[in-house]
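Using the hints, put the two chains back together into the complex; each one sits in its own frame.
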Amino acid sequence: MATQTRDAAIVGIHEYPQRSIDGMTPLQIKAESAVRALQDAGLNWSDIDAVYDAGDGAQGGMAGLSISEYFNIKPNVIDTTSVGGSSYEFHASHAKRDIAAGKAHVALLTYGSTARSQSFNIGTGGRMTAGPPTPLGNMESSWGMTLISNYALVAHRHMHEYGTTSEQLAEISVVTRAHAMRNPEAKRAIEELELLPGVREITVEDVVTSRMIADPLHLLESCIISDGGGAVIIASADVARGCPHTPVWLLGTGEATKYSEHGGDITTSAAAQSGPTAFGEAGVTASEIDIAMIYDSFTITVLTILEDLGFCKKGEGGSYVEGGGLYFDKPGQPALNTDGGGLSSNHPGMRGIFLLIEATRQLRGDSSSQVPDAKLAVAHGNGGMLGSRHAAATIILGRD
Amino acid sequence: MPEPKKKFDLPMPKFPEPDTEPFWDAAKNHELRYQVCDECGGIVFHPRRHCTHCPSLNLTWKTSKGEGVIYSYSVVRQNYHPAFRERIPYVIAWIDLDEGFRMLSNVVGVDDPASDVSIGQRVRVEWQDFEAASLPMFTPA
Chain A
1164 MATQTRDAAI VGIHEYPQRS IDGMTPLQIK AESAVRALQD AGLNWSDIDA VYDAGDGAQG
1224 GMAGLSISEY FNIKPNVIDT TSVGGSSYEF HASHAKRDIA AGKAHVALLT YGSTARSQSF
1284 NIGTGGRMTA GPPTPLGNME SSWGMTLISN YALVAHRHMH EYGTTSEQLA EISVVTRAHA
1344 MRNPEAKRAI EELELLPGVR EITVEDVVTS RMIADPLHLL ESCIISDGGG AVIIASADVA
1404 RGCPHTPVWL LGTGEATKYS EHGGDITTSA AAQSGPTAFG EAGVTASEID IAMIYDSFTI
1464 TVLTILEDLG FCKKGEGGSY VEGGGLYFDK PGQPALNTDG GGLSSNHPGM RGIFLLIEAT
1524 RQLRGDSSSQ VPDAKLAVAH GNGGMLGSRH AAATIILGRD
Chain B
8 MPEPKKKFDL PMPKFPEPDT EPFWDAAKNH ELRYQVCDEC GGIVFHPRRH CTHCPSLNLT
68 WKTSKGEGVI YSYSVVRQNY HPAFRERIPY VIAWIDLDEG FRMLSNVVGV DDPASDVSIG
128 QRVRVEWQDF EAASLPMFTP A
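Here the protein sequences line up with chains A and B, keeping their order.
Numbering follows the numbering used here, in which position 168 of the first sequence is assigned residue number 1331; successive positions increment by one, without gaps.
Numbering follows the numbering used here, in which position 115 of the second sequence is assigned residue number 122; successive positions increment by one, without gaps.
Simulated from the structure, these hints should not be mistaken for lab results.
Certain hints may be false.
To be verified - Example chain B residues on the side facing chain A (calculated, C-beta under 8 Å, incomplete): (1) I50; (2) H57; (3) V82; (4) R84; (5) E93; (6) R94; (7) S141; (8) L142; (9) T146.
As the list claims (entries may be wrong) - If you want the footprint, here are the derived chain B segments under chain A, 3+ residues with CB under 8 Å: (10) 62-76; (11) 95-102; (12) 107-117.
Every residue, glycine too, gets a C-beta built ideally from N, C-alpha and C.
So here's chain B without its partners, still in its complex pose (with noise of 0.2 Å):
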């Protein structure tokens, strides 16, 4: 779904930067990626080369179901950055995806973020589409 037109443009991922790129490309696809270690079975996010488990540099890539619950929230109300503070209120928060990954991202396609949004809410992946990026966001599932 489209946000609808703002005049500021949100601060969108840059590169090169080889830790994230793959990530950032299978977003252009509507996929949300992380990362399995070979190895040991430990899943990798954010994206990087190396295994924070075990010794390894043998990872994969894996497509989440983009699903899970949002561990905590805040509904942002001042922000100086102009892209930011024509969007506000909006709603950032840690969602737990149900493959056992932890992100950041904001909680979208709510009436009013202050009553509509909880902790352990369960929510799914709603991608918004920019130029520069398909960005990752979330929504009451």
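Only chain A is shown next, with the shape it has when bound in the complex (with noise of 0.2 Å):
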């Protein structure tokens, strides 16, 4: 611990509440996601020197430009690092390392997104059928590849090598929904959201006798569609000790891609790269976080984060996720994705955001499903797809 930096620390934080936004762009639910942070740091827009954006709503194509005009900021850093659900995690890492290097001062994040007004089939339409030619496209578009059966890829073979099953994968489901019921935000979307089975707790039963959308996996393994963003600002320590609220520092960051390799284990994610770079930072291991905020497209994206972080080794992810261990009044183990991540909360397509601030409520003390006394926590965001290609971003989080 004795050589960890304290040189960043997240000193704002807005996530916008409603799932289903109406007669509103992504720019806008940006920019007041923006100004509420904004409130909660007690920082104005002239304290802004470092933008980080993914191009949700960017104009003209020109991501980090039309940003800047539309908030009206001068950034002197500017990155539009863009790798889908996991960029602001690479955000978080980036906004750290500009800021230690003295080149920023104030970070902002920001993310907004209408997916669901705009009825975007995100897990189960048909992909790379629409631009110009590429390589990729070329190879893969004729097969009928969706999001959730590339996921499911990952799940079958995780299935064959290491006998986990449907069951034990369910839990994750189960756990993740409890939190969503104490989460009044969550709660109200999974009721306007009309989400399957109603507005209630789950149980693996309900999990595994749910549809299957690809084999492996069912419906209720599968993140929700709604709509929603959130922002945060991140400050130098000079900065972040003036806020008001507890300052949660960035303590490590590790990032990395994975992609198809011949002889290759889809079992193994991008997290087993980028979670030694960063907890080597940090000084600590998996074995002393209270908190896991990991990427939820699906159930078999948290089992196969959870053992590349280190949680449990390789292959036994399924019998780490059984037996209630992971809710955020179980000591033992961490709290998982208290908020009610992505499987029962939000999730507009591109999730990372709400990881780093639902980890920041926990660490500040003021999450609907607090775990006394947390310390640590790691946001683990993964972008694109988990069976062939993704990137991730491991951070991890602690308070003085």
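Next up, the structure:
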């Protein structure tokens, strides 16, 4: 712990509360979230000197430029890394780097999406059927691989190699729904979006008897499709100590990619590369983590990432998630996705920012499923497709 | 074997796309092509101009026997794309070809995809001919 650096901290957060947003654009959701996060941090637009943007709502394809004008900021650092749902963990990683290097003092990350209002079939539409020819499009677009069936490839292989069962994977959906039912905004989302099987906690039986979408993954193993957005403000230590909330320090970060390789193992994700870098920089191990905010596009995503981050050995994820140890009020294992996750709270397409936001709530003591005296959290974003190619970043967060 | 007539066409490879065009040209003759590096012997797939194992631009096209095993698979039961919707349920799979490369494809020619397809199963290529391209799919060997 002695070598831990505390040079950048999350000082402002906002999660847009609605999951069905009428008459607003992604840009407006980003801006409103930024305003609320600035209020949370006690800062002004003029304090922001670094902007990180995944291109959601970019005008004229000019991410970074158009967002600066829309916000009316003049950043010294502009970073438009865009790697799907993991973009925001990459942005947090880069903000820490840029602040530590003295290039920036106050960094703004924003997200806005109207995926639900626009009826995007994120998981079950045809892939790569529009746009100019690409090598991967030409090799993969004819087979009908939906997003969920891509993740299902990992689940099948995991079951084959390690004997993992659908009942074990279902435990992830069950604990996440229980946390969602404690979160008023998530509970309202379940009601408004008419999520099956109704506004209640769910059982393993509910999950494994829900409709099969792509064998072996069921409907209740899949994230929801909502509207939403949010903002995160990351500041230097000097700025952070003057902000109203307890600084939530970025203690360690790691980034990685993973793609199909001949003879490769698809049950191991990019987290196996990004995790050790992040934990190493933070000087902590998985066993010390109180809060695990893990990208839950599907159940199998969580299972493989928990293994790859070192919470259990590769192949033992099934037994690790059994028995209810991941509930917020069960000591011994970290609390998993205490906001209700993408499975039961919100998933507007790129969920990574919400992992940082809920980790911050926990370390401030403000979660609807608060873990007593939570000190250390991990936020791990996964973007792209688990079974073929994805990017991932791991952020270790802690408080004084 | 021609596929039974469907109302909607599958998405097809589009050109010009110089990396993959030789693959699809050979596919018209029912040849499943991959590349091997002249310098290091490494296999390159999907097709590219450069070796992905060593700094070389000298690759040679080879023809696979089209035999391998299923590395993993899924039975797709929901897809809003009209061409795939009328083919549901169908099987997507990673196939490990005996020459050492892995490719995405479909497993066809089975009565019940949920019970007749398994990981480790031996498969061989089965070409399905369409006007725009011949698609290499796989069937139990």
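Hints, one by one, checked against the model:
no. : hint    : in the structure
1   : I50     : holds (6 Å)
2   : H57     : violated (12 Å)
3   : V82     : holds (4 Å)
4   : R84     : holds (6 Å)
5   : E93     : violated (11 Å)
6   : R94     : holds (7 Å)
7   : S141    : violated (11 Å)
8   : L142    : holds (5 Å)
9   : T146    : violated (14 Å)
10  : 62-76   : violated (count 0)
11  : 95-102  : holds (count 4)
12  : 107-117 : holds (count 7)
Going down the numbered hints, you'll see the structure goes against 2, 5, 7, 9 and 10, while the others check out.
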